[in-house]
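Read top to bottom, the protein sequences are chains X and C.
Just add 88 to wherever you are in the first sequence, counting from 1, and you've got the working numbering.
Just add 1 to wherever you are in the second sequence, counting from 1, and you've got the working numbering.
No lab work stands behind these hints: they were computed from the structure.
Owing to the predicted nature of the structure, the values given are computational and were not obtained by experimental measurement.
Don't take each hint at face value.
Stated by the list, open to error - The calculated DSS-like cross-link candidates involving lysine-lysine, where the alpha carbons are at most 30 Å apart (straight line), are: (1) Lys202/C x Lys106/X; (2) Lys106/X x Lys116/C; (3) Lys106/X x Lys65/C; (4) Lys74/C x Lys131/C; (5) Lys117/C x Lys131/C; (6) Lys202/C x Lys20/C; (7) Lys106/X x Lys194/X; (8) Lys74/C x Lys116/C; (9) Lys106/X x Lys185/X; (10) Lys205/C x Lys106/X; (11) Lys206/C x Lys65/C; (12) Lys20/C x Lys106/X; (13) Lys194/X x Lys176/X; (14) Lys117/C x Lys69/C; (15) Lys20/C x Lys125/C.
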Amino acid sequence: MSKPRRQQREVGRIDVIKHLITVWFLQHVQAFIFSLGQLCRNPIASLLTASVIGISLALPAGFYVVLENTRRVSSGWEGSVQITAFLKMDVSEDRGKELAAELENKQGIAQVQYISREQALAEFRQSSGFGEALDALQDNPLPTLLLVRPQPGDNPEQAAASLLDQLKALPEVENAQYDQQWVRRLNAMILIVQRSVFIMAIFLGMAVLVIIGNTIRMLIYHRRSEIEIAKLFGATDGFIQRPFLYSGFWYGLCGGLFAWLLISGSLKLLERPAVHLAELYAGKFNLAGLNPFETLILIGSGIFLGLVGSWISVSHHLRAIEPA
Amino acid sequence: MIRFNSVFMQYPGGIDALKNINIHIETGAMAFITGRSGAGKSTLLRLISLIERHTRGQIIVNGKNLDKVRGNKVALFRRNIGFTFQDHRLLNDRTVFDNVALPLVIAGYRHQEIKKRVQAALDKVSLLSKVNSLPMTLSGGEQQRVGIARAVVHRPTLLLADEPTGNLDPMLSWEIMCLFGQFNQVGVTVLIASHDLDMIKRMKKRIITLREGRTLTHAADYEEKP
């Protein structure tokens, strides 16, 4: 083969590839717009589908927002974890004060407060209402207390735990426990709820897949004759699939946007009561919504589920339709 | 263009639709397939367009052995064929323009080119004025002509028509047949299945008669009565 002719063939091949890419792009744009048009032609049906998807997405996302807010509040409390160390009854007052001073100089401890047995009794008498019962006792039953506040570090949870063990190991200490055990319990509960939300999100995600898959299935059977004709005139599977995949995309996108609207609306409704509650606790608190990244994830997962749902449906049902 | 070598077609369930068919239709020819209902006329067209697969023998269309045309190649193979049907099979929610444009859209033509070609095809079947109508608003003859415009708009080398005049009166039928004749004159190979023997005899083209799945005659079938 002579050189110019080979060059000509090369040029020809590049032109063919260019042409194929243009066609591919053109057909994608056509399918993109066509599927949107289909959606707009049945506004009520499309809206219903999108809202079902939106609600399914909004439920886990909404729970997530509530959880995030709870965590923000409780993490404020977490910083002020205190450990109460009960000294043994036979430890003298001097030794107790000495120990308090020793501990205060130790690394990892921010502050130690010494509460003598008498102070403790007075406080108890005042706050419990058992004053008279206490009078009946001959000895003060309460031990000396040390209130130890750990230094806030990178990992307060672990630092507090190791400090608790250290304190328990001291010979003078009878027992030591977290002052705010309930914060830890709350955090443990949040962890459980968090996981439940995660599981729920998976279930609802599957529901979205089924909803979209079923909607696309109905679309496919609704346009059965059209698919048959298109196949007869040489449409490839890709050509026929494309509009349905884009329909799934649109449903997912609309569902995601709808979910975002639901969550934003709900937060608006909750904002005032939340601020009011915070004021009662003399605290400053703003209800946090979805940040841009989380919004992107919400809408993105809508689109993802839409595409996957329609893809499953399309690959399952389109094969069954052959021209007859 | 079309060659059948000892082709058998058996439908699932053991019904023999075609038995030992041997046909050769040259490129650029026009031929009719006739016979009673159930003789295998439609099956023959369906084998050519790969809607059905033959069970034995060999079919060569446009130089391609149909046994080898599978998977994605089916779609590309069909782009060289134009189809018309007795029941038109137009998409009733699309305009005449969109219906005729379908084969071009599938093949990925640009919009300007599509517009040009659709107008030319509709002009050919004298329906340019109905370009924006919906098929349901057209008469049966007009719908059939839209179907023909769709079948030729992508300039296929082979035109297959299954009972194109089945629902039309003799006058309209004759017009439609003449239309097919015109496409044949510009080089398209045309194969028409029809039971309207009187009319196809007037066309003075080759007639292939099927009876119970077998070819009866090849050349001297002008005398054959249904």
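Hint by hint, here is what the structure shows:
1. Lys202/C x Lys106/X: Roughly 49 Å between the alpha carbons, so the hint for Lys202/C and Lys106/X is violated.
2. Lys106/X x Lys116/C: holds (22 Å)
3. Lys106/X x Lys65/C: holds (27 Å)
4. Lys74/C x Lys131/C: violated (35 Å)
5. Lys117/C x Lys131/C: The hint holds at about 15 Å.
6. Lys202/C x Lys20/C: The hint holds at about 25 Å.
7. Lys106/X x Lys194/X: Roughly 74 Å between the alpha carbons, so the hint for Lys106/X and Lys194/X is violated.
8. Lys74/C x Lys116/C: holds (27 Å)
9. Lys106/X x Lys185/X: Answer violated: Lys106/X to Lys185/X is near 87 Å, above 30 Å.
10. Lys205/C x Lys106/X: violated (47 Å)
11. Lys206/C x Lys65/C: With Cα atoms ~25 Å apart, Lys206/C and Lys65/C stay inside 30 Å; holds.
12. Lys20/C x Lys106/X: violated (47 Å)
13. Lys194/X x Lys176/X: Given pair Lys194/X, Lys176/X holds - Cα atoms ~21 Å apart, limit 30 Å.
14. Lys117/C x Lys69/C: violated (35 Å)
15. Lys20/C x Lys125/C: Violated, at about 38 Å.
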